[in-house]
Every structure is written in structure tokens, then in C-alpha cells.
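A.B. asks: Below are the chains, spelled out letter by letter.
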Amino acid sequence: MIDGFAISALYALGATGFTLIFGVSGVLNLSHGAIMVAAAVAAWAAASILNVGTYAGALIGVAVALVTAFATYFAVVKPIQDSRRIPNEEKEIFVLTGTLLWGIMIQELIAYFFTNNAKTVLPIVEGVVDILGVRTPKNEIFTAIVCCLVIALLWLLVNRTRTGKAVLAASMNPRGVTLLGLELTNIFIVVWAIYGILAGIAGVLLGMFLGVSSYSVGPLTASAFSIVVLGGLGSVSGSLIAAFVVGYLETITAYLVSPAYRTIPALLLLVVVMYIRPQGLLGRR
Amino acid sequence: MKTILSGALRMVLGAASLGALMTASGAALAAAPIRIGVIAEAQAIAGASIPQAAQLAADEINAGGGVDGRKIEIISYDNHSSSADSVRAFQRAVNEDKVNAVIASYISEVVLALEPWASRLKTPFVTPGAASNEISKSVHADYEKNKYTFHGYLTSAALALSVCDAAKELLVDKMHMKSAVIMSEDAAWTKPLDVGYEECLPKVGLKVLDHIRFSPDTTDFTPIFNKIEGSKPDVIITGISHVGVQPTVQWKNQEVPIPMFGISSQATNETFGKDTNQAAEGVLYQGVSGPGVAVTPKSVPFAENFKKKFGNYPSYAGYTAYDEVYYIADAAKRAGSTDADKLVAALEKTDWEGTIGRVQFYGKDDPFTHSIKYGRGLITGLMLQWQDGKQIAVWPKEVAKTEIKFPSFIKLTTN
Numbered sequence: 001m002i003d004g005f006a007i008s009a010l011y012a013l014g015a016t017g018f019t020l021i022f023g024v025s026g027v028l029n030l031s032h033g034a035i036m037v038a039a040a041v042a043a044w045a046a047a048s049i050l051n052v053g054t055y056a057g058a059l060i061g062v063a064v065a066l067v068t069a070f071a072t073y074f075a076v077v078k079p080i081q082d083s084r085r086i087p088n089e090e091k092e093i094f095v096l097t098g099t100l101l102w103g104i105m106i107q108e109l110i111a112y113f114f115t116n117n118a119k120t121v122l123p124i125v126e127g128v129v130d131i132l133g134v135r136t137p138k139n140e141i142f143t144a145i146v147c148c149l150v151i152a153l154l155w156l157l158v159n160r161t162r163t164g165k166a167v168l169a170a171s172m173n174p175r176g177v178t179l180l181g182l183e184l185t186n187i188f189i190v191v192w193a194i195y196g197i198l199a200g201i202a203g204v205l206l207g208m209f210l211g212v213s214s215y216s217v218g219p220l221t222a223s224a225f226s227i228v229v230l231g232g233l234g235s236v237s238g239s240l241i242a243a244f245v246v247g248y249l250e251t252i253t254a255y256l257v258s259p260a261y262r263t264i265p266a267l268l269l270l271v272v273v274m275y276i277r278p279q280g281l282l283g284r285r
Numbered sequence: 286m287k288t289i290l291s292g293a294l295r296m297v298l299g300a301a302s303l304g305a306l307m308t309a310s311g312a313a314l315a316a317a318p319i320r321i322g323v324i325a326e327a328q329a330i331a332g333a334s335i336p337q338a339a340q341l342a343a344d345e346i347n348a349g350g351g352v353d354g355r356k357i358e359i360i361s362y363d364n365h366s367s368s369a370d371s372v373r374a375f376q377r378a379v380n381e382d383k384v385n386a387v388i389a390s391y392i393s394e395v396v397l398a399l400e401p402w403a404s405r406l407k408t409p410f411v412t413p414g415a416a417s418n419e420i421s422k423s424v425h426a427d428y429e430k431n432k433y434t435f436h437g438y439l440t441s442a443a444l445a446l447s448v449c450d451a452a453k454e455l456l457v458d459k460m461h462m463k464s465a466v467i468m469s470e471d472a473a474w475t476k477p478l479d480v481g482y483e484e485c486l487p488k489v490g491l492k493v494l495d496h497i498r499f500s501p502d503t504t505d506f507t508p509i510f511n512k513i514e515g516s517k518p519d520v521i522i523t524g525i526s527h528v529g530v531q532p533t534v535q536w537k538n539q540e541v542p543i544p545m546f547g548i549s550s551q552a553t554n555e556t557f558g559k560d561t562n563q564a565a566e567g568v569l570y571q572g573v574s575g576p577g578v579a580v581t582p583k584s585v586p587f588a589e590n591f592k593k594k595f596g597n598y599p600s601y602a603g604y605t606a607y608d609e610v611y612y613i614a615d616a617a618k619r620a621g622s623t624d625a626d627k628l629v630a631a632l633e634k635t636d637w638e639g640t641i642g643r644v645q646f647y648g649k650d651d652p653f654t655h656s657i658k659y660g661r662g663l664i665t666g667l668m669l670q671w672q673d674g675k676q677i678a679v680w681p682k683e684v685a686k687t688e689i690k691f692p693s694f695i696k697l698t699t700n
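Chains Y and R supply the protein sequences, listed in that same order. The first sequence maps to residues 1 to 285 in the working numbering. The second sequence maps to residues 286 to 700 in the working numbering.
The following block holds chain R by itself, in its conformation from the complex (with noise of 0.2 Å):
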């Protein structure tokens, strides 16, 4: 029934394309609308904020009279988080709905599968919340194969950078915190965080304990907090993204006496706040925007536009792939053309700036090659805390709205 339908939709569409060309021949040829294919996790609360973002974006686009005349169309498929589902996703998008570009995923598993497709296929392809340093650095390594491919979020090196530039103002000229343990869940992108947070923590005045790393199916985690309290630290610096919900309210449960502050992906969304019981109160998490938070002048009606929207605020991944639909628009623009080469080639001039910040990315010659880059003036990521069930950002300064907080239960070890 659905291929008749279908089969019956496209002699109709066929016919009327046809008809089109022969009245407006050439200028049809033009109109045809840049197809951005999306692979998401639409059920993940991460990743769920990806079609949704950008599709905001394309209707915004296509309401200004879309990119020289062309509209934009987004056509998302859900990779139900596997690997597998996504590359199948990726060859259907480009072989058959015949995409000119592809936004995929935040997983970085996920991402790396998909990177030699986008090599093989020639598609450009650009991921709005992955992490791994392997991405971009794998670009650099063979950048005439992979240079289809794109960071469009800081990567863990990055990302353990932001971290540590907010703990030495808030936590180490502040409050004056000396020591710190790491937890985090055992993925890819940890594995370049951790190595990250090792070497920048001591750097601005935090000696690591110790370092955990657990499975991210772990259910229980009181062994966990047990052995970090064990080892008397002021502060637990986190690293999660598969999991979040349930170490956050078992911290609270147990009433961990110790403040969590560093990556906690989940906690990015706004339904974490009612997915713990508000136990997420008191927790310190990096993000590239907020509600809020006027990272730039598009960050705040962004954000609104899209509760208006879905109900809810997006995730950090929403912003970037907000973004990313508007830069590839750009690209394509100045590209003239949507040519894979082409669209590459403008994509690597992109200096945009979005809902998260200004966004350039490292040329060829850079280790994290297609990366975007981080820094004062560009992207330096925000922290945030929830408090009163609600996500305030704390950090940097020129965007902060009020002080720390913590939970009763917490009890800092220095002033």
C-alpha cells in the first residue's frame, strides 16, 4: 500500500517537476532545495534536540527566502543510538534522498563509524555534539580522504581545557580548593578527556587523588562515591554522558558530601531537572549555552523560539546543530554550489557566529584538522549550575548571573 501511495506521489511530483522545468527551465534547475540529511538519536535526551534544532533552522532560512533561492530541506532519520543503524542511515541519505551534506549524532562511537563513509561517499558531514579527539584527528592524519569531515563541538581536549579554566576561578582563587578526583564513564571520548584533565587540573592548582573510570552500564554507583570520599577530596570532577540521571540522584540520595562540577551531557537538557526529582540541584556542568545565557545575541532567541516549539529547552547538542544548519547554508551560499569539493572547501572558511559563540574551524595544519576552534573571542564554553530547578550559568564572568550554591548536604572542606 505504501510503495502504491508512493509510486503514485512521485509520477504526480515527477509530473509536476517536469512541468516546471519546462516553463521556468533553467531557473527550476536552480530552485532545487539543499537536502541536509540529520542522524540522530531521537530518543535520547541528548540527541533528541538535533532534528528538532534543525529544522528551526531550515524553516527560518526558507522563511527569509532560503539560500539564493533554494530552500532548505532536512530529512532525519532516527539511528535508535547504534552504529550500524546510522552508517545505513548514512548511505540511504546520500544514495538514495541524495543529501548534500549530513549532521549526525553525539556519540562519538557513533561518529567514527560514520567518518569513512562520509570519506567514501564524498559527502561533507558535520556532528553537532560528538567529542572524540579521534574525529578531527583523523582528518588531519589523511586530510585529502577525510576532509568530508567536520567537529562541530569542542573536542574532549577542548572540552577538559573549558573545565579547567572554569575550576581555577570558581573553585581555586574562590573558594580556594586544592584537590580534586576524576569520574568518569568508560566511553571513547573520555579517553582524550581524562588524559586532558590530568594535565590541565594540577596545572591551575588541583592535585588528582585519584582517577575512576566505570562501566556506562553501571546502575549502582555507591562504590564509586564511597572510594572518592575515601580519598577526601574538595571536589569531584565528572566526565558522563551515557549516564547522568542515575549517578546524580544516587549523589544526592547518599547525600555525597562533595560537589560534582566538570561534563555531565545529560544534565545539559532541561527535563534532567524532572528526571532526577530535582536531585540535580547543586551540580556544575560545562555547556556551550544555556537559557538564558546571551553567549551571543542569537543564543536567547534560539533557545526561546525552540521551547516554544518542543515544550522544552534544547540541548547542548540542539545549539550546535542550529548552528550547524545555518553554516552549511552559508557555505553553500558562498560555495555557489553545493559540490561536495566545494562545499568543503567554503566550510573551511566559515567564521559564523552562532548561538554558541564564533565559530572558525582549524585548517589543515593543525593536529584537530576541522575541529572548531576554542578560545577567548571564539567558543570557551560556559559552566552552569542548577539551582531552584533551573540552569544558571556561573562562568565565565561577562555572562554569569549569580554565585555558586550548594545543597545542604554538601560540605566544603575549605573556604
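Only chain Y is shown next, with the shape it has when bound in the complex (with noise of 0.2 Å):
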């Protein structure tokens, strides 16, 4: 149950980020699995390789998660957000390809430089303790302490500061903010610093837990969007309910049934959620 509890809140945070720039700037990010797979590979090699220490190995993975998240918006997004040629009920499509794209081209790039060997971070608390019988290591309460406090602080900023209020209230109506004198690409940087170093976290926690390679970017990339689409494309609490629903699935489903079956009942439950309620379970639009 815990480990279900550590893998769920690691989704959340992965899906938070992808979620809140959806709601945003309407942009689904399909590089996303890409940039959490660069923090952990970051990370790995500055630790192993380096020999930085854990602790600044951890740091420079979510510093190369955030510069990947700035490239990704100023080199790929931005562009065809302002472009003049391509019509503006294309921009979606050709956001969504320009993404994927950029994602394949980070994993690549990974592939080519450290193989597509998976590649673990050293962990940052060591050992096991004993929770009611079952072995549990450190780490993964470590895990889930890092994500539910990484995503409280998030609820705090954007409920309690004037600039989280201008995300919120950009998500809500962009037009609006902008006729409150407010700069809307001012909060979509804040918003993409805020998913790049989101995606960090969750990248560098996944490296330690489980372990990524360059194999690990499409099933990220999937596993976030079902997520998110589960919940309700934009909305930071339905993605934190369908996190834990889909964690728990996957897990539930590893213990009781066979690991080879693990991400199937998920998938189809997203199917079904689809058939009744379309727009997710809380879901606006």
C-alpha cells in the first residue's frame, strides 16, 4: 500500500505540471516524458559521473528539467504560438507535433550519449524500515513525503500569492487577465518554470525509485496524459484524484493479479470514463 501510495503521489506530480500548462495556455506537452527522463539522466551522470554528490546531482536534474522546460517553450511552443503563416485553429495540432517531436529528439539525444540502458539515482535516504510487517525502504516514504509537500506548497502558491492567483485566473479566462493589465506571457513563463521544475522533481524521485532510460519517455508521456485526461483535461485536483486511482490500480492489480497485466485495468477504465463522462471526472469543458 505504500509503495501504491509513493507511486500515485509520483504521478501526481508528474501530471500536475502537464495539467496546470494545459489549463493555462491550452498547450498539451508531449515532450513531457522527454524532460522528466532528462532531469533523472541528469542527475544519474552528474552523481556517477561527476561525482558531485547526491544531494547537487538531485539539484541538477531539476536544473536541467527547468532549462529543458524553458527550450521546449521558447524554442517550440512559443514560436508557433506567434506565428503569423500558421492558422490559429492549427496551432494545437501543430503545438502537439512540435512537442512530440522535440521529446523524441531529447530522447535521442540521451539514447546517443548514455544508451538506452536504464539508469538509477542513487537514493538519498538509505535503508528499510519495518511499517506493520511489510520491508518498506526509506526512500519511498521519502518519495511521497517530497511529492505531497512539493504539491502542497504548489496549492499554497497558487491560492495564496498574487502570482499564483494570475495562473489561476489565466486558466480560468486568459482574455481576462490580459484586460486586468496583466502580461499573459509573463504567467505563462511563471507557469512553465513552475511544470519544468515539477517535472524535475518527479523525474529525479522516479530515477531513484523505479529507474528510467530513453525507453521511459513514451510510457511518461502516455502515463501522464491518461492521467490527466482521467481527471479532467486542466484540472490540478482531478489530476490528483486520477493519479491515485491509476497508482493504486497499477498496483493493486501488480499484487493481486500478475505484474505482466499491470497498466491494462487502467487503460481501461480511462475507456470507460470516456463512454459516460467524456470530460473527465472533474472535468469543465
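Any given hint might turn out to be false.
Derived BS3-like pairs (lysine-lysine); straight-line CA-CA distance at most 30 Å [claimed, not checked]:
| no. | chain 1 | residue 1 | chain 2 | residue 2 |
| --- | --- | --- | --- | --- |
| 1 | Y | LYS138 | R | LYS559 |
| 2 | Y | LYS138 | R | LYS517 |
| 3 | Y | LYS138 | R | LYS690 |
| 4 | Y | LYS138 | R | LYS696 |
| 5 | R | LYS682 | Y | LYS138 |
These are computed hints drawn from the structure, not numbers from a lab.
Using the hints, put the two standalone chains together into the complex.
C.D. replies: As C-alpha cells, this is what we get:
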């Protein structure tokens, strides 16, 4: 159960950033998995090739994710949004394709420089503890705590600070925000920064917890995407609930049925929800 | 630009070869290089060593004057671990680059996809690392058609035997272990491996309590380890190749108290220690060779030269690929020709002492036609263990350097 909680919390962290971006700027960032893997691989490389230590390695991983997120925004997303040659109604498709290709580029670069072998980031806390007879790695508990803390911080940021409120407002009505005299581009930059940090933390923790390889890029994007769709596109709380539903469903399947069928029930659930409630669990549109 | 350049290059080369033809006439024909195509997973840990080792062998042969004055030329192709890319590379190698033989891939699915192409294009083809029984079984089933394929690595059946032989001496006789759980990834090569395990483990005295097959894209192994612990075995017998780093790291992080023993292909590569942040400590894996292990007098010099040139020790498929270039060259020499059928006939008579042991192929009447022979005096494989960040041989006793030792979280249930 703790295993399921840690996984769910990780999924939640990854998906929150993803849904935030969509809510505010309408961008579905398909390079999401690549950014997470880049963070984990950077943390691994810094810690085991450059020997900078675990903490510094983790920070470098998050920093790399932040840089990559900005690069995604400025090099891929913004040019498409600002382009006069692409008709407005086609921009979403262009952004989708652009970020997808960008993700593949990052994936291939990682495979080229670091091989497609799985890498694991050295855990920050080592050792195991016994919880109700289940031997649990301390790092798993650490992962769960960090995820909860970060999500709580995010909630505070969005609901209690001026910048956060602007972000929230932008996700509800972008035009309204501009009318209030706020620069939309600045809000976008803030959102991408938040996203980069979230994806970075999620990536590094995933690297410690399970390990990642360049092959993980596709499945990670897909899992974030299905969680966000399940929860309702653009709804942060919906994503949180969906992340826990998917995380626990996967873990329970792996324990009770067979590890080989792990992802199937979650995907079936997604199909069912699409039939019954196409806007997702807490979707607004 | 590229095509113009290569066009120009071809003209220059053409002129040069024409010149050579005119001056040396017949001799120039005989000196045409022997071309070997190498199709491998250049980005994967086990596959990356294949083209490197093949090139090393070719360089050595060429430095010694080649084969009857003919140089060995290696042409390599990256297949991105994909069957489709491999088939295209094979076609290109044969039809455009005019190779005389192909060495390809450590993935059984890829090799099984290439096998019909070796038959169609009548090109001798050797795999340095795939293990599925089906590869050599198809040669047996339709010899005339499929005789071009050679299985230059142990079959899954032989791998299972090798693991069981080692398990008997190391685990049953020495540590008095009695039970095991088989943990293997769901792939073509593990199906016959698991059949082999199920058959030979009870024979050597290890009762199989459970058998877990998992999807090769599994990332979280916690449920699997929990399930295994539930049945309280003395040892986990592994059959993993597509995965390796993740189960090993999670085994250590979760302090699973049961040793892992068996096949773990990624663990054969020296970089595995770093990739797992040394979580590999204590992992026991089957190999055909290892750094510093003198299986034959050729093993150690090869591994050292390889490391000098490429910075790390080769994976298991590096050893076999190196040997393959040598025995293809040897067959070409004995056949006195690179004609496909003559080369196949000569390859069948191979008796080559390589880096992994003495290489001979099973004949037409054996169920594993064209697979390398397993047994004492030929190839038995080794059991190695990661100890203090190094790969150390622990079996068979002729090459064993030290005793088995485990990290502190392993609780042996028997003594």
C-alpha cells in the first residue's frame, strides 16, 4: 500500500505540471516524458560520472528539467503560438506535433550519449524500515513525503500568492487577465517554470525509486496524458485524484493479478470514463 | 552533397581499382576484401560491444596479413534494437554492400526475423548473442533452406543447463539450498529457458516453488519481489536480459534477503556497476567469459585489448562476435573461397579455440543444428559474481578466483 501511495504521489507530481500548462496556455506538452527522463539522467550523470554527490546531483537534475522546459517553451511552443503563418485553429495540432518531435529529439540524444540502458539515481535516504510487517525502503517514504510537500506548496502558491492567483485566473479566462493589465507572456513563463521544476523533481524521484531509460519517455508521457484526461483536462485536483486512482489500480493489479498486466485495468478505466463522462472526472469542458 | 561526393569517390576508386586490375590482373581479384556485415544494437549495453569487437578482430587479422592476402572488412549497421531496421540493414548489406557473411544482434526476436533473409539471400549469418532454441531448430527442420544460419551463442536450453550445473555445485552442494523461484522476463528467448530451468533445477536438488514471468517493460519490481519472498525460496533463479538495472537496484534498495542467481545479460557488461550505482554487488550471473578469466589463453588478452581501445570491458556478445570474425575468416581460408555454400560447409567443420572456449557446431542430425556445442572441453559457460565493483569468476573451479559472498541484507536460510 505504501508502494502504491509512493507511485501515485509520483504520478500526481508529474501530471500536475502537465495539466497546469494545459489549463493556462492550452498546450499539450508531449515532450513531458523526455523532460522527466532528462532530469533523471542528468542527476545520474552528475552523481556518478562527475561525482558531485547525491544532493547536488538531484539539484542538477531539477535544473536541467527547468532549462529543458524553458527550451521547450521558447524554441518550440512560443514560435508556433506567435507565428502568423499558422492559422489559429491549427496551432494546437502544430504544438502537439512540435512537442512530440522535440521529445523524440531529447530521447535520441539521451540514447546517443548515455545509451538506452536504464539509469538509477542514488537514493537520498538509504536503508529500509518495517511498517506493519512490510519491509519498506526509506527512500520510498521520502519520495511520498516530498511529493506531498511539493503539491502542498503548489497549492499555497496558486491560492495564496498574487502570482498564483494570476495563473489561476489565466487558466479560467486568459483574455480577462490581459484586460486586468497583466502580461500573459509573463504568466506563461511562470507556469513553464513551475512545470519544469515539478517535472524535474518527479523525474529525479522516479530515477531513485524505479530507474529510467530513454525507453521510458513514451510510457511516461502516455501515463501523464491518461491521468490528465481521466481527471479532466486542465483540472489540477482532478489530476491528483486520477493519479491516485491509476497508481493504486496498477499496484493492486500487480499484486493480486499479475505484474504482467499492470497497466491494463487503468487503460480500461480510461476508456470507460471516456464513454460515460468524456470531460473526465472533474473536467469543466 | 553527400551523393556527389560519394559519386566522385566511387569514380576515383573505380579508376584506382581499374589501374590495379591492369597492373596485377588476376592477383587483384584474389585480393578483394572479405566483407562481413555487422548489424547490432549500438545503443544497448550488450549490443554496443558487437561491432567494436568485430572490428578489433578484423584489425588483428589484417595486421597479420589477412586471409591469403585478402583483408577483412567490417561494415556495421545500427539496428536501433528493431527487427524491421535489421531486415533493411541485412538487405542493404547483401545487395548493395556485397558482404560475404553477416554477424547480427543479441536479440532473439531480431535474429528470428533475419533468419529467413539469410536463407532467401543465401548469405552465411551468425548471431553472437541471441539464445532462442528456435534459431537452430529451424535449421534442423529445413536444413537445405536454412543452413545459412549459425547460432554462435548457447541456446536457451544450454544456458539453462549451464545455470543448473553451476547451481548444483555452488548452491546445493556447498550451501545446501533446497528451493528456488524462477523469475524471468516474457520474451522469445526465455520460453525454452524456463522449460529448461523447470526440468533441470529439480534434478540438481532445487525444488521450484513458483515461477514468475513478467513483462519486459516492467519498471516497478516491488510486487514481484514481495510475491517471491512470500514463497520463501532459498534463491531466485533469473532469466533477464531486456531488463537488468531496474530489478537489481530495487532488489538492493528494498533489501530483498534472497540471492539472485542465473542469467542477467546486462550484468555481463562492465558498465553495469556504474549504471546501478553498485547495487549489483552480490549478483550472480552466467557468462561465457569475463574480465580476467582465462577460459582459454585468448580470453584475457582480448578483454584487455578491448578495454584499451574502447574504455570498458566487452559484454558477452563482444567475446562471441570477436570469435565469430576469426572463425569466419578461418572458414574462408579452409574453403579457399567466399562462395556462400562453400563457406557454410567450411563453417560446419569449425573447430576453433576462441575466447569463450572451443567452438564446434552441432551437425545436421542434431535437433540444434548449427548451434555451438555445450559441454566440458568445449563451452560450459561461467558463473560470475559482482564483488567490490568487479566481475569475479566463481565457477567452474578451474577458473574460480574466490568464494561467493553476499551483501549484508541477504539472509541465507540454509548453511
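A.B. asks: Now, for every hint given, state plainly whether the structure supports it.
C.D. replies: Going through the hints against the structure:
no., hint, result
1, Y:LYS138 <-> R:LYS559, "holds, 22 Å"
2, Y:LYS138 <-> R:LYS517, "holds, 23 Å"
3, Y:LYS138 <-> R:LYS690, "holds, 25 Å"
4, Y:LYS138 <-> R:LYS696, "holds, 20 Å"
5, R:LYS682 <-> Y:LYS138, "violated, 40 Å"
Figure legend: structure checked against the earlier numbered hints; the only hint not met is number 5.
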